[in-house]
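Chains as they are written, first to last, in numbering that gives the first Met the number 0: chain E, 0 to 266; chain L, 0 to 344.
Rather than coming from a laboratory, the hints here were simulated on the basis of the structure. No residue lacks a Cβ here, since even glycine has one placed at the ideal position from N, Cα and C. Keep in mind that a hint or two might mislead.
Unchecked claim - Between beta-carbon pairs, the in silico distance windows are: (1) E:52 - L:323: 26 to 32 Å; (2) L:323 - E:179: 42 to 48 Å; (3) E:18 - L:249: 52 to 58 Å; (4) L:305 - E:1: 57 to 63 Å; (5) L:303 - E:142: 23 to 29 Å; (6) L:106 - E:36: 41 to 47 Å; (7) L:304 - E:11: 34 to 40 Å; (8) L:210 - E:27: 49 to 55 Å; (9) L:117 - E:54: 41 to 47 Å; (10) E:18 - L:305: 20 to 26 Å; (11) L:303 - E:27: 25 to 31 Å.
What the hints assert, rightly or not - If you want the footprint, here are the derived chain L segments under chain E, 3+ residues with CB under 8 Å: (12) 127-135; (13) 327-341.
As the list claims (entries may be wrong) - So, partial list: chain E residues that the calculated Cβ filter (under 8 Å) puts toward chain L: (14) 58; (15) 62; (16) 175; (17) 178; (18) 254.
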Amino acid sequence: MRLLHYWRAMWGIIWRELWRFVTQRERFISALVRPLVWLFVFAAGFRAALGLAITPPYETYILYEVYITPGLIGMIQLFNGMQSSLSMVYDREMGSMRILMVCPLPRWFLLLSKLLAGTGVSILQVYVFLAIAWFYDIQAPWQGYLWVLPALLLSGLMLGALGLLLSSFIKQLENFAGVMNFVIFPMFFMSTALYPLWKMKESSTLLYHLAHYNPFSQAVELIRFALYGQFNSQAFIYTFVAFIVFMTAAIIGYNPSKGMMTRKGGA
Amino acid sequence: MRNTFVSGNAYGTDLSRPLAQWATKVAPTAVFAILSMAFVANAQAETLFVTLEKDNALAVVDPIAGKLIKTVGIGQRPRGIVISPDNKFLYVATSDDNTIQIIDAETLKVVGQLPSGDDPETFAINAAGDRLYVSNEDDSLVTVIDIADKKVVKQIKVGVEPEGITASPDNRWVVSASETTNMVHWIDPKTNTIVENTLVDPRPRSLGFTADSQQLWVTSEMAGTLMVLDVNTKQIIKTIPFDVQGVTRDKIQPVGVVIDKDSKRGYVALGPANRVAVINAQTFEVESYLLVGQRVWNLAFSPDQKRLYTTNGTSNDISIIDLDSQKVTKSVGVGNYPWGVAVKP
């Protein structure tokens, strides 16, 4: 009975998130347009300029658009994670957060359900993106499309947990612009999403180290290897640990007696 | 750091007995069967020989495993390479030694030399496997060599800077292309004289006959085109230009050309454009451009024509193209300046 209770709560949260995603067609389209613009415009422009050496998991020469595809998948999940955090702030402003939080289930469970819901949505977006990329001749081996699922789950959870953590700091919707400037852009540009690490090393060692230790880079590499049927254990451990750290911090952040909520005056 | 996925299974205790039986009785047989299959598959796999211009060596590659097996030192500046029709000998033009070395395809030992004339680069073997036709670029000659006698049969005066040369599968023609004269010269191998010349686009580079010997495909390095010639009329019936998205025209320098045995598709190496053009041999449309290593030079099919191998001069590797899926599956580092490639079944 108690398990059923948990299940109903989790399903309710996931269903609400999916429903919100499906009904908000603009959100679905904009979530797809962003990486597609990068793929069709940005990558096409750099196609000739960047000669890529062979680095694992690739076994031969690749076009730039093939290289940035895992990075754009990461981008989808990063934005989705932030979008979920935005919706948390919105929920708090609207008061629906209060209803959720008074639910007689552990807070961590509710947050985890929220996280899973957001990750589920991002995985849907990623597969639609991969399908479009397939027709644009960016094709991974078919097994890769299966292996990438667990990788997407972990990277989605990690980026979502980061979003949750940030949302515990943000009081008003207006502050979201700060998240864009100080979190999303630096994370995305200082990563292996757009350029390989060795290329970065050529220009700046500092940038190389920042990118190397950026958890977003590790999530992108996890996805990149999985898409080609390979397991990058270093990226896996790094992403997993980052998830635990962000999630723990978010749970503390959402604890009314200890976290940021007290300072902000509650939900 | 780099591993493949491993799936694990947990078995209950009720399964342990049949599992133990399986492990002791069935598994060794299965392992033996798999190993012997692997051995047979390995025995059937072809071997690639790649000449390394700067290393004065021959790279031996297992293309199925995608691995360089070993590198063997040979003469100076090896370039053109062909294998005898019986697959027993390799002939390698060692340009700075002014000779063609005969190498045993099994032991990889140099077993003889052929008098090629000065600075041999490109040469062709006839279908019977008894004659070699060598381009001598500096002397504007084609040297005809009798392999068994190891003697020059004749030297034929051709246009300035002869480069590409090929013999038709039906043994009726040997065609030499001279880069500066912009001509292909049709040589009758019975008389070893030029019968006819055809004017082609500037700097004709490489030539290839279709399996039925009815068409000759010629690449022009400077015009960036492929010309298809009718063997009966010896006239150009089609000129195919190349245009690679995102690559400037000056980088498109067609070199090596091969056509599959069914005349379904032809493949042209585009040099510094780092692409292999795939051409429909029926409609003469360019179907696609496949990205390979830098300055792709020469091409060779696997014996079953399921794969195509390319030598990439400046990226020091070869690329392996799967022809069923029309995808480049792997690039394998081989050594400095890979030039020519020969395949032994």
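Against the structure, the hints come out as follows:
no.: 1; hint: E:52 - L:323: 26 to 32 Å; verdict: holds (27 Å)
no.: 2; hint: L:323 - E:179: 42 to 48 Å; verdict: holds (47 Å)
no.: 3; hint: E:18 - L:249: 52 to 58 Å; verdict: holds (56 Å)
no.: 4; hint: L:305 - E:1: 57 to 63 Å; verdict: holds (60 Å)
no.: 5; hint: L:303 - E:142: 23 to 29 Å; verdict: holds (25 Å)
no.: 6; hint: L:106 - E:36: 41 to 47 Å; verdict: violated (59 Å)
no.: 7; hint: L:304 - E:11: 34 to 40 Å; verdict: violated (59 Å)
no.: 8; hint: L:210 - E:27: 49 to 55 Å; verdict: holds (53 Å)
no.: 9; hint: L:117 - E:54: 41 to 47 Å; verdict: holds (43 Å)
no.: 10; hint: E:18 - L:305: 20 to 26 Å; verdict: violated (50 Å)
no.: 11; hint: L:303 - E:27: 25 to 31 Å; verdict: violated (47 Å)
no.: 12; hint: 127-135; verdict: violated (count 0)
no.: 13; hint: 327-341; verdict: holds (count 4)
no.: 14; hint: 58; verdict: holds (4 Å)
no.: 15; hint: 62; verdict: holds (6 Å)
no.: 16; hint: 175; verdict: violated (37 Å)
no.: 17; hint: 178; verdict: violated (33 Å)
no.: 18; hint: 254; verdict: violated (37 Å)
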